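Undergrad: Single-letter residue listing:
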Amino acid sequence: MASMSMIQALNSALDTVMGRDPNVLTFGEDVGYFGGVFKVTEHLQQKYGAKRCFDAPISEGGIAGTAIGMAVYGLRPVVEIQFADYMYPAYDQLVSEAAKIRYRSAGEFTVPLTVRMPYGGGIFGGQTHSQSPEALFTHVAGLKTVIPSTPYDAKGLLISAIEDDDPVIFLEPKRIYNGPFDGRRDRPVVPWSKHDASEVPEGHYTIPIGKAAVVREGADCTILAYGTMVHVAMAAAEESGIDAEVIDLRTLVPVDIETIVKSVSKTGRCVIVHEATRTSGYGGELSALVQEHCFYQLEAPIERVTGYDTPYPHALEWEYFPTPPRLIKAMRRVMEA
Amino acid sequence: MASMSMIQALNSALDTVMGRDPNVLTFGEDVGYFGGVFKVTEHLQQKYGAKRCFDAPISEGGIAGTAIGMAVYGLRPVVEIQFADYMYPAYDQLVSEAAKIRYRSAGEFTVPLTVRMPYGGGIFGGQTHSQSPEALFTHVAGLKTVIPSTPYDAKGLLISAIEDDDPVIFLEPKRIYNGPFDGRRDRPVVPWSKHDASEVPEGHYTIPIGKAAVVREGADCTILAYGTMVHVAMAAAEESGIDAEVIDLRTLVPVDIETIVKSVSKTGRCVIVHEATRTSGYGGELSALVQEHCFYQLEAPIERVTGYDTPYPHALEWEYFPTPPRLIKAMRRVMEA
Amino acid sequence: MDQASGPRRSNALSLHVPAPRARPGDKPDFSGWSFPEPGATPKPDIDAPAFELRDYAYGLIRVLDMEGNALGPWAPHLSPDFMRRALNHMLLTRAFDERMHRAQRQGKTSFYMQSLGEEAISVAAGMALSPDDMCFPSYRQQGLLIARDYPLIDMMHQIYSNARDPLKGRQLPIMYSSKQAGFFTISGNLATQLPQAVGWAMASAYSGDVRIAAAWVGDGATAEGDFHSALTFAAVYRAPVIINVTNNQWAISSFQGIAGGENTTFAARGIGYGVPPLRVDGNDFLAVYAVTQWAAERARANLGPTLIEHFSYRGGPHSTSDDPARYRPADEYSCWPLGDPIARLKQHLISLGEWSEEQHRAAQEEAAETVRATGREAEKVGTLAEGAHARASMFDDVYKDVPWHLRQQRDESGS
Amino acid sequence: MDQASGPRRSNALSLHVPAPRARPGDKPDFSGWSFPEPGATPKPDIDAPAFELRDYAYGLIRVLDMEGNALGPWAPHLSPDFMRRALNHMLLTRAFDERMHRAQRQGKTSFYMQSLGEEAISVAAGMALSPDDMCFPSYRQQGLLIARDYPLIDMMHQIYSNARDPLKGRQLPIMYSSKQAGFFTISGNLATQLPQAVGWAMASAYSGDVRIAAAWVGDGATAEGDFHSALTFAAVYRAPVIINVTNNQWAISSFQGIAGGENTTFAARGIGYGVPPLRVDGNDFLAVYAVTQWAAERARANLGPTLIEHFSYRGGPHSTSDDPARYRPADEYSCWPLGDPIARLKQHLISLGEWSEEQHRAAQEEAAETVRATGREAEKVGTLAEGAHARASMFDDVYKDVPWHLRQQRDESGS
Ligand SMILES: Cc1ncc(C[n+]2csc(CCOP(=O)(O)OP(=O)(O)O)c2C)c(N)n1
Ligand SMILES: Cc1ncc(C[n+]2csc(CCOP(=O)(O)OP(=O)(O)O)c2C)c(N)n1
Ligand SMILES: [Mg+2]
Ligand SMILES: [Mg+2]
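Residue numbers (the numbering used here), protein chains in the order written: chain A, 38 to 374; chain B, 38 to 374; chain C, 112 to 526; chain D, 112 to 526.
Same shape as in the complex, but just chain A (with noise of 0.2 Å):
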């Protein structure tokens, strides 16, 4: 066990893999010799030699499509999309051929392909560098959608990612890969060191892909959250003096419905939290499962708190992202209701 930051322990995931399975590689713009924008893959050039850890052109079409095709040809890629906000160049070949070469082959060729990309908000990187995309990716069967909240969920589902034989979207909150951080950018920065999930395994551990958590256990009313609104959530969760179970997703598809539905069974009341825009966000979905499974358990409405539906404004940032007080709102909210 040693103690790490998220980007040490997803370079700690890659560094595991690329050890012990020799069809696995890695690349992306600047992941070579550089080590990636945010040293995911810092060393692994060095260690493992630049034909499995490389740069690549500024063409996520041409990275995601040529990662395709060596998943079909039998490798194991893992690329780097240096900012999800950069993803769009690559959707057609995710959308159209990773999710929908196994289905359209009768299962005869297949994509064993994990997409990395750094998402979310909270470091002042304006509407190109904060985008939450998870539920443009959500919609797409096929597709599996992964998102860690600390260091050791992110090596354990980002081995998992890597030994699926599905192409999976790896979603990483970059405002916590060196720290924890809950939304109140008032406090002091708060090290990964800190916080018991930064124990993270030198070696090979898993998490299934498509099994939440409960981080907090509650009786007054459910929070749905993943990635960096997981620390959020749990914020506002202590600030409240709100009993609230707190889930943590991990898995968006296929996504941990028994969890899901067993807590706001108990609770009655859920509010759903997430930083992407609201509209059609992966919120709406959460939604309309709670709704449909839990119709008759549910005392109040419920409630989602989210990024509003405008682009990431630069230096309104923080009345952007979705913090503790207007979860506490929300929260209350679905309790007085």
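Don't read these hints as lab results, they were simulated from the structure.
Source: prediction; values computed, not measured.
Just so you know, even glycine gets a beta-carbon here, dropped at the ideal spot from N, CA and C.
Worth double-checking, as some hints may not be accurate.
[Claimed, not checked] Straight-line Cα separation of at most 20 Å, SDA-like style, residue types lysine to any residue; simulated pairs: (1) 88/B / 127/C; (2) 231/B / 215/B; (3) 88/A / 373/D; (4) 511/C / 202/A; (5) 76/B / 88/B.
[Stated by the list, open to error] Which chain A residues face chain B? A few, computed with CB under 8 Å, are given here: (6) 137; (7) 141; (8) 290; (9) 316; (10) 318; (11) 319; (12) 321; (13) 322; (14) 324; (15) 325; (16) 346; (17) 347.
[Unchecked claim] What the simulated footprint calls covered on chain A by chain B, stretch by stretch (three residues with Cβ under 8 Å from a Cβ of chain B suffice, anywhere in the stretch; the number is not a length): (18) 123-133; (19) 172-182; (20) 335-341.
Please arrange chains B, C and D with the ligands on chain A, whose structure you already have, making use of the hints.
TA: Just chains B, C and D with the ligands now, with coordinates in the frame of chain A:
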């Protein structure tokens, strides 16, 4: 007034606006001399010349990108994406650019662009001629999304879209281009001329973007539908013996929340129907909105009747397509709940 | 808008929109096109630097003259047996196309696409590549499957989406897939296969394998961004891949000028990446064979990718949904200056004394009969209308394992 | 997986991954690069067929020699006044960059990007184009705004996201936008501006206007699909547009070989579309000016697009988030064989007797002082940390009118 098919109505909309405004031009794959693979731009090149209606290279990204540049210049381009299934290469330009240019330039540059796309299944088109990607647009702040269900609406909405100063995604339900189709393929094909809404004025008129239509009043439950599914919903309402109120949304973003809330407040029950895959489809957003606004009026869980979370399967198209029997089952469930 | 109506000055700009020379009612016009003589183009060593090969983009590699003689350094010296096999593959491809086109017209399936006039392009490649090289075709390379002896009946089962359809009724007709035949699952989305082919080739190189990849794309679809990313990645990583552009002059109703063919050749695109650009007469089996072989050897020698433009003509409609008489002269195909690939190989064999009109007629009849017999077999198994597939099968293969939500949807769909 | 580990035969394939010649610790190595002599490249007529211009992709148009002499047919014959203005623009650009880079380091804003070493590319274009020609820049063409006399203080307001930020705090610093200055809103998404520039140019041509468009993209970003669609559409419709590739050797940490620069030049990409490909010394103000003027005249004469590769070197870090010492020799910039654009124009003016070291120092100081004074003004208005923008303004300009759901979100956000 003349009786028009939806194709003729769309063609008439283009003809009307091009006749009035020299800044309107249209292009896309096979759109020029040939008049489009669905004939929506037929005769326009002959009438307005090749500079106002022309073929484009097979590059949806280039079509969207150049059209954005034209719109920024001051024109009102209308482009056709031959099938909505082929919009993915254009997705970056639409999401990162068309949707955000007004915002990021603080209103200095604007994109009065209309992107027409035939969408939906029911024509044995297989995986790549059948998709319904509306939710991939409704999640994007800065885009409006419009879907007509009749010739009359198609013309009025398309004129509104072209005259709108923001980018509009205009999805055309290709299954009902030539006649209203209610999902009963065992019944004889009905041409539009048998339908009231095929009476279309020759000249200029508009249907406002953002306004739904109550196409059938009813007291028992509300069905939210758009495009082809409006006709499926009407058939289900008639056949079911349930006195359903059918709402044709016509615009998905911004959605006409008032009309929805008024109806569900009255009926207390709601079924949502769309052809797109279920998970994270626009139905999720609708379900969330309805329960947020009408929680205390709801007497039964909101139901979603949708395409399944699979690619569109060629030979099993009629198992995939939401038909009146599937919708009626859901209506029964909400009535019995 | 004053901006848009703009100042119309004497030096005003004006928009150029390309148009083909002939539309319905016009006389087909291929005048002004000139081609190098058959045999006239030199053959470079496979390790020639790409920079020295630039001019191949503007020529046309030809072996067969119109009298059936094989000329020049590109002539591949194939045995008569081998060429007869090639001819039979092309005849079978054409007969298959004819029948399946008709089957669609008869309502037996939803869709079909012929390769009329382009048979040499795929058959020659199918025979020049190693059987385990991986092909990433577009939708008009049925000749590859036929050259690789993929069972005709399985193609028909796929087209009919019947109970023996290897793709379980999930794909549009002709969107074949066969791992066994090294034929990648065809996508309905144009050009997506190109970077995939490059990635596959990179993976093969990464793995120290010997297999190379080849991909095909139409003249029209070269405009997609994927064409660019494929060439970029292929050039940067020297991927062992052949990228074939089948320039059949048309992309549905758009002539090749709309894809950029007015300004230069499609082969010339390769120059900008430092990829050798070979332009070949696509209706000349021997030339296509030789060029493919050259590019394959180059790739196998770790010398990287080649871009090949196959200059040809789409003899039939784009698909069964199309009527070309609405946008091009009905007799344009018959005026194509480079003839018919089958007639030309036939002529060559005859001029060698290795074939006769009679044998040809017999081979044609045999191909037709093979197709007919196979068709009967396939139709016995079923055609589209009959709906052979279990509803539940729709939920398989979305993922390796069926997740809960698809299980639920499967269960609900049956109730 | 037996497939992937594959058969390692003697003729095994292997993957090529490009690497730069020098990494940190190595001596910078530009040996083996040879350039044509200044003045040696002929100047074609603007109506020369693209086909005849192909070789320009492999040369380098140079006017200034290293002693400051302007040589050959491309020398633009500019007045000393004009060149002093140019020099001042470049000096101001550099001084501005210096200060704003520092301002970010001091925490006054979140981000900054310099154009150190590339000032000639944007300043020369800004002066060669007409003031109403439309520019579609990437993020390293601040020189365009400066050459067009856009208020420096408005650039600072934007960078500080302060109350006078013309973009209302919505954009990342340096993502300027000014309709007035003919400077299109910069996108954070690379290369998207290219087809937009082509579309704008098509619209201008459609409208019988006289204005042309120009766009800029980095060497790295040429790999994006949008580069390809821009060139395709520009060529097909003969759009009056200039597409500039600023090849500064680096794309963040990736050397230009990763974008394909090992195999050929970036200018050569134009050849494949039949677009004239000019390659120019980007550190030579006079050469950039002359080449831009040539391309603009060509475009105005309805002769279509030109692709220009500006050969240069990124002198600074990629951005304030970058540390180039981690991936390239720290002294690589100082070894750049084509010198510094400011020093070279200065030398030219001095050699003409129109400038002196003293005047230069004074001009430098004046530029620094202008920036300092403007900086003080701007900081008085505010810097990022102060949060000048009303929460409610976030909901404006998503659409022309604020729809109900945004009104609702706006209301809720305030409560
Ligand atoms: C991304 C995408 N855009 C559009 C289409 C529709 N489409 C199918 S075939 C075709 C024409 C292709 O022409 P070309 O590439 O020349 O190939 P050919 O049919 O001539 O063999 C078009 C536009 C598609 N399938 N995919
Ligand atoms: C679509 C997209 N992908 C990736 C990025 C991240 N990114 C920003 S700048 C850059 C390097 C660009 O290099 P180059 O085009 O050579 O321009 P330069 O910075 O050298 O001027 C990268 C990868 C981006 N902004 N957009
Ligand atoms: Mg074609
Ligand atoms: Mg660069």
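Undergrad: Please go over all the hints and tell whether each is borne out by the structure.
TA: Now for the hints, and whether the structure bears them out:
1. For the hint pairing residue 88/B with residue 127/C, the CA-to-CA distance comes to about 8 Å; that is within 20 Å, so the pair holds.
2. Taking the CA atoms of residue 231/B and residue 215/B, the gap is about 11 Å. The hint holds against a cut of 20 Å.
3. Of the supplied pair hints, the one linking residue 88/A and residue 373/D holds, its CA atoms being roughly 17 Å apart against a limit of 20 Å.
4. Distance hint between residue 511/C and residue 202/A is fulfilled; the C-alpha atoms sit about 7 Å from each other, no more than 20 Å.
5. For the proposed pair residue 76/B and residue 88/B, the alpha carbon gap of about 18 Å is at most 20 Å, so the pair holds.
6. With 8 Å as the threshold, the beta carbon of residue 137/A comes within range of chain B, its nearest partner Cβ sitting at about 5 Å, so the hint holds.
7. At its closest, the beta carbon of residue 141/A sits 6 Å from a beta carbon of chain B; the interface hint therefore holds under the 8 Å criterion.
8. A distance limit of 8 Å between C-beta atoms decides the matter here; for residue 290/A the minimum to chain B is near 6 Å, and the interface restraint holds.
9. A least Cβ separation of about 6 Å between residue 316/A and chain B falls short of the 8 Å threshold, and the interface hint therefore holds.
10. The beta carbon of residue 318/A comes within 6 Å of a beta carbon in chain B, closer than 8 Å, and the hint placing it at the interface holds.
11. Taking 8 Å as the C-beta cut-off, the interface hint given for residue 319/A holds, the closest approach to chain B being about 6 Å.
12. Given the 8 Å rule on beta carbons, the hint for residue 321/A holds: about 4 Å separates it from the nearest Cβ of chain B.
13. Look at residue 322/A: its Cβ gets to within about 4 Å of chain B, closer than 8 Å, so that hint holds up.
14. Of the supplied interface hints, the one on residue 324/A holds, with its beta-carbon coming within about 4 Å of a beta-carbon of chain B, less than 8 Å.
15. The restraint placing residue 325/A at the interface with chain B holds, with a minimum CB-CB distance near 4 Å, inside the 8 Å limit.
16. Here the hint on residue 346/A is kept, as its CB sits about 4 Å from the closest CB of chain B, short of 8 Å.
17. Evaluation of the residue 347/A hint against chain B yields a held restraint, the C-beta minimum of about 5 Å falling below 8 Å.
18. With 6 residues bearing a CB less than 8 Å from a CB of chain B, the stretch 123-133 of chain A meets the requirement of three and the coverage assertion stands.
19. Only residues whose beta carbon comes within less than 8 Å of a beta carbon in chain B count, and the stretch 172-182 of chain A has 7; three or more means the coverage holds.
20. Counting residues of the stretch 335-341 of chain A whose CB falls under 8 Å from any CB of chain B gives 6; the rule of at least 3 is met.
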